[in-house]
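Chemist: Sequence:
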Amino acid sequence: PKSKPRPESKSISTLESEIAATEAKLAATLSRLSEARARNDEAHPACSLALASSSSPTTTTTSTRRTTAVPTAPSTGKGQAIDGASLSLAHDRQQQQQQQQQEQELLSHAQGIFEGHIALLKRYNSTKDIAMGMLSLIADRQGKRLAEILLERGVGRGD
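Each residue of the sequence shown is one higher than the one before, starting from 1 at the first, in the numbering used here.
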């Protein structure tokens, strides 16, 4: 007579499928994060180089600023060029802030997936420990080895 699936095995298989789904979500999120960083590096190579060099503990940079006198009434051509450069710089900064915010959101999402995955693994291990304890009790009561009980129930060591 074939035994019915036990509730423990259903919950283990459910947990295993949830773990697999969580791993897939995590891989997709990490892929999106990598793409966002690559886009940021392509759009602002100077910024990514500056960030890379500033994050290195051995690199020290000193900057010197030059002060130049700007006429109080610039000619319209120069003034428009300066205004255009200022607008472009402000736009670039805004885009960089948006990309950093998006990266932070993706990192937070990835962290949530990690925490969920760890919680599922803990539930799975707890369920498995309880099931193995119950099978050990059955083996003791029947005077058999645990391996024999596992074979009778169709459970392998890796289950």
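No wet-lab data here; the hints were simulated from the structure.
Predicted model, so just to flag it, every value in this text is computed and none were measured.
Each hint should be verified, as a subset may be incorrect.
With a straight-line cut-off of 25 Å between C-alpha atoms, the simulated DMTMM-like cross-links for lysine to aspartate or glutamate are [as the list claims (entries may be wrong)]:
| hint | residue 1 | residue 2 |
| --- | --- | --- |
| 1 | Lys128 | Glu105 |
| 2 | Lys25 | Glu152 |
| 3 | Lys122 | Glu18 |
| 4 | Lys122 | Glu23 |
Ranges of calculated distance between the beta carbons of each label pair, as one might list FRET restraints [unchecked claim]:
| hint | residue 1 | residue 2 | range |
| --- | --- | --- | --- |
| 5 | Arg141 | Ala36 | 37 to 47 Å |
| 6 | Gln98 | Leu121 | 16 to 26 Å |
| 7 | Gln97 | Ala20 | 49 to 59 Å |
| 8 | Glu16 | Leu107 | 42 to 52 Å |
| 9 | Ser11 | Gln102 | 36 to 46 Å |
| 10 | Ala119 | Ala28 | 13 to 23 Å |
| 11 | Ser136 | Gln98 | 37 to 47 Å |
| 12 | Ala38 | Glu152 | 50 to 60 Å |
| 13 | Ser108 | Glu148 | 25 to 35 Å |
| 14 | Arg123 | Ala36 | 38 to 48 Å |
| 15 | Leu121 | Ala43 | 56 to 66 Å |
| 16 | Gln111 | Glu35 | 38 to 48 Å |
From the three backbone atoms N, C-alpha and C, an ideal C-beta is built for every residue, glycine too.
Chemist: Now, for every hint given, state plainly whether the structure supports it.
Modeler: Status of each hint after checking the structure:
no.: 1; hint: Lys128 - Glu105; verdict: violated (34 Å)
no.: 2; hint: Lys25 - Glu152; verdict: violated (37 Å)
no.: 3; hint: Lys122 - Glu18; verdict: holds (12 Å)
no.: 4; hint: Lys122 - Glu23; verdict: holds (15 Å)
no.: 5; hint: Arg141 - Ala36: 37 to 47 Å; verdict: violated (58 Å)
no.: 6; hint: Gln98 - Leu121: 16 to 26 Å; verdict: violated (35 Å)
no.: 7; hint: Gln97 - Ala20: 49 to 59 Å; verdict: violated (36 Å)
no.: 8; hint: Glu16 - Leu107: 42 to 52 Å; verdict: violated (27 Å)
no.: 9; hint: Ser11 - Gln102: 36 to 46 Å; verdict: holds (37 Å)
no.: 10; hint: Ala119 - Ala28: 13 to 23 Å; verdict: holds (19 Å)
no.: 11; hint: Ser136 - Gln98: 37 to 47 Å; verdict: violated (57 Å)
no.: 12; hint: Ala38 - Glu152: 50 to 60 Å; verdict: holds (55 Å)
no.: 13; hint: Ser108 - Glu148: 25 to 35 Å; verdict: violated (49 Å)
no.: 14; hint: Arg123 - Ala36: 38 to 48 Å; verdict: violated (32 Å)
no.: 15; hint: Leu121 - Ala43: 56 to 66 Å; verdict: violated (38 Å)
no.: 16; hint: Gln111 - Glu35: 38 to 48 Å; verdict: violated (18 Å)
Against the hints set out earlier in the document, violations occur for numbers 1, 2, 5, 6, 7, 8, 11, 13, 14, 15 and 16.
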